[in-house]
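Visitor: What follows is the residue order along each chain.
Protein chains: 2
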Amino acid sequence: MSGGPLEGVKVIDLTTVVVGPICTRTLADQGADVVKVEAPGGGDILRYLAAGSRSPAMSGKFINFNRNKRSIVLDIKQPEGMEAMKRLIAGADVFVSNVRPAALKRAGLDYESLSAINPRLIHCGIVAFGTDGRYANRPAYDPVIQSLSGVAGTFQRAIGEPRFVPMVMTDHITGLVSAQAIGFALYRREKTGVGESIEVPMFESMASFVMSEHLGAATFDPPEGPTGDGRLLSPDYRPLPTKDGYLTVRPNNNKQAFAFFDAVGRPELKTDPRFESSISRTINAADYFKVQVEALTQKTTAEWLEIFAKADVPAAGYNSIDDLLTDPHLQDVGFWNFDEHPTEGRIRRTRTPVTFRGGMRQETLPAPRLGKQTREILGELGFDDATIESMLASGAAEENS
Amino acid sequence: MSGGPLEGVKVIDLTTVVVGPICTRTLADQGADVVKVEAPGGGDILRYLAAGSRSPAMSGKFINFNRNKRSIVLDIKQPEGMEAMKRLIAGADVFVSNVRPAALKRAGLDYESLSAINPRLIHCGIVAFGTDGRYANRPAYDPVIQSLSGVAGTFQRAIGEPRFVPMVMTDHITGLVSAQAIGFALYRREKTGVGESIEVPMFESMASFVMSEHLGAATFDPPEGPTGDGRLLSPDYRPLPTKDGYLTVRPNNNKQAFAFFDAVGRPELKTDPRFESSISRTINAADYFKVQVEALTQKTTAEWLEIFAKADVPAAGYNSIDDLLTDPHLQDVGFWNFDEHPTEGRIRRTRTPVTFRGGMRQETLPAPRLGKQTREILGELGFDDATIESMLASGAAEENS
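Going down the list, the protein sequences come from chains H and L.
So that you can map any letter, position 222 of the first sequence is 240 in our numbering, and since no number is skipped, the others follow by simple counting.
So that you can map any letter, position 363 of the second sequence is 381 in our numbering, and since no number is skipped, the others follow by simple counting.
Because the hints were derived from the structure by calculation, they are not lab data.
One should not assume that every hint holds.
Remember, identical chains collapse to one label, so a pair may be satisfied in a single copy or spanning two.
No farther apart than 25 Å at their CA atoms in a straight line, the calculated lysine to aspartate or glutamate pairs in the DMTMM-like style are these [said to hold, decoys possible]:
hint : residue 1 : residue 2
1    : K123      : D350
2    : K209      : D93
3    : K317      : D280
4    : K308      : D357
5    : K95       : D350
Nothing here was measured: the structure is a model prediction, and the numbers come from that model.
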């Protein structure tokens, strides 16, 4: 009884790195029982990527993306391992993988094979590229998708060279969209009683993300002008330097803009035709940002925040990554918690940001060591002790406590 | 009968700009009946922001974020307008707003007020900051959240100065998370029969997004090292220039890395201690990227892609925003469609990227002109023609056909 909205939902998680694990972490955080099935020979590679860990195979990044899950190690190339996998599927509501479609089919884990075992199963395949197109089955990592989907392209327009967002952003977003799609499918299954096959392609999902924002005047055919939202693509669309740090200021409507011009000692700009209306400021966004750049270096961040608060101009400070650890609002809302991990010691844990008044997950689980619950889960599947020992001896299953 | 997983779900949408509209567009694309309630005096400001439109109040960006919705204009400060709003709520499954909590309560649209009318209602409040913390009720635009949540902070670590991602990224992601939360709540309501209040705070959601990736060695307390995933924060983590364009190459494991060194004519690096294992390449990420930078300018993108394909080194080209309009894979999967908008003429439309084999939304609706369906929706709510005329005359409702 987890208490979250997904209480009672059983998820079989054949995913690695970030795109799948953030999907299933989201389901787990909201109450689902997630069984992470890992392969022999080390399991999820995220266990080893990224610096900073206290013991092997338990990187900080792995811990963050795999809390509230249990881990079982199965070698599905061995018949007994595959038998355990099929029993997991038979009792599950959801199966999620980020394995390439051709390989998934070879392993006998495609929708057709699994729905024959469990017609109520929701099968979610997270893929790099939709299976109907020519890039299908190509390997892809997050930067490949950032490069192809226009994410890097937004920077070329803004600062003259393509860049990646310094996060595995397309993995992360596609994983969140996958959890969303699974929620919709769970809802429909309550109505229809039948299962579902969902395909979530990273490239198409991110192309949709980027182009919803930047199709712009090319929404029209023929285009009414160039692609791109010029305001977002201005080189000075960034936190701006003050005398001692950075500040983000956003005077949008006339009242705010005119108050801003007064506050920075440029009242003459209130009648400057470039800045006299929302539309003119949008057209002259680059110039408008330049006025802000020139003004802000004259005072400290704290001085400006006080001035803009009085003038009712929306403004905010800037947090470095490290600043988030001590941000006072995050303290107020209990964003940071500390847990005693059974093997890794004291660790930080972020709160689930979304709250459901109807009840949230109560019990939390530590991110699992590789195969931590292998024995426990095999027992739940009805394997007797002798069979479990034989599976562990043959390598059809592995455990690490 | 939409045919999508959310067929039959009725959503009342009191949102503007991007964070709410992408939430409700997602619900609409997946089959929900979304009624966008707009205020007199122009409605959603996104109608006017961004360049490129064929008629007033119908910007390309508005069209992209508001397809498949109907629009009604109500002045809820007038009793008849509020009465219509309450009737909408009484018949709805979901209410979504991105109005600040204090203002929502003043308007009588907080969860307590609306659940009294409809106890099965799922009430989703998208807020800038969680209501339990000191920033609650502060105004926020996307750049404010990018500035505070560490998104801009990742760039400071990578390239020495904070920058925004040139998209309304935190609005967009929080909107997708809101649609996800609503899906989970719809699922639970099928089990329990009772409604729900959901709060989705932008700041906390994005802090969770950034820190899941960049908490790193500070996952441990005391920290085992600095925050941040060094590989993602390397200055040369970007599409790299070739002789004629850009290329993204990702040799991750030893086989790929050594094949890469051979392909670029640097076989001696295979035994360089900085690059001899995954772990050493992660620690020496900046140097590893430098080798790539130096090599890639020697040939064209097409030449490298052929070489890397033969050597089995993951690599991909680069798409500018405009390149997406002609990408061959996107053509294959029918990503781009053309619609005849009843008033705006021929427009481009992106396909819903996620596919549900159990059925997708069949009928599509054009993005609505302001108040396009005011009369139709008032009729559905049981107002007779005389009352509708009186509401239109008093300004309690407005229409534009």
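Visitor: Hint by hint, note whether the structure agrees.
Guide: Going through the hints against the structure:
Taking identical chains as interchangeable, the C-alpha atoms of K123 and D350 lie at most 25 Å apart only when they sit on different chains, with a minimum of 22 Å there against 49 Å within one chain. Taking CA atoms no more than 25 Å apart as the test, K209 paired with D93 passes in neither setting, with 36 Å inside one copy and 36 Å between copies. For a Cα distance limit of 25 Å, the shortest separation of K317 from D280 inside one copy, 15 Å, qualifies, whereas the shortest one across copies, 54 Å, does not. Neither within a single protomer nor between protomers do K308 and D357 lie at most 25 Å apart by alpha-carbon distance, with minima of 47 Å and 39 Å respectively.
In the homo-oligomer, the alpha carbons of K95 and D350 never lie at most 25 Å apart, since the shortest distance is 50 Å inside one protomer and 34 Å across protomers.
Hint check: violations occur at hints 2, 4 and 5; the rest are consistent with the structure.
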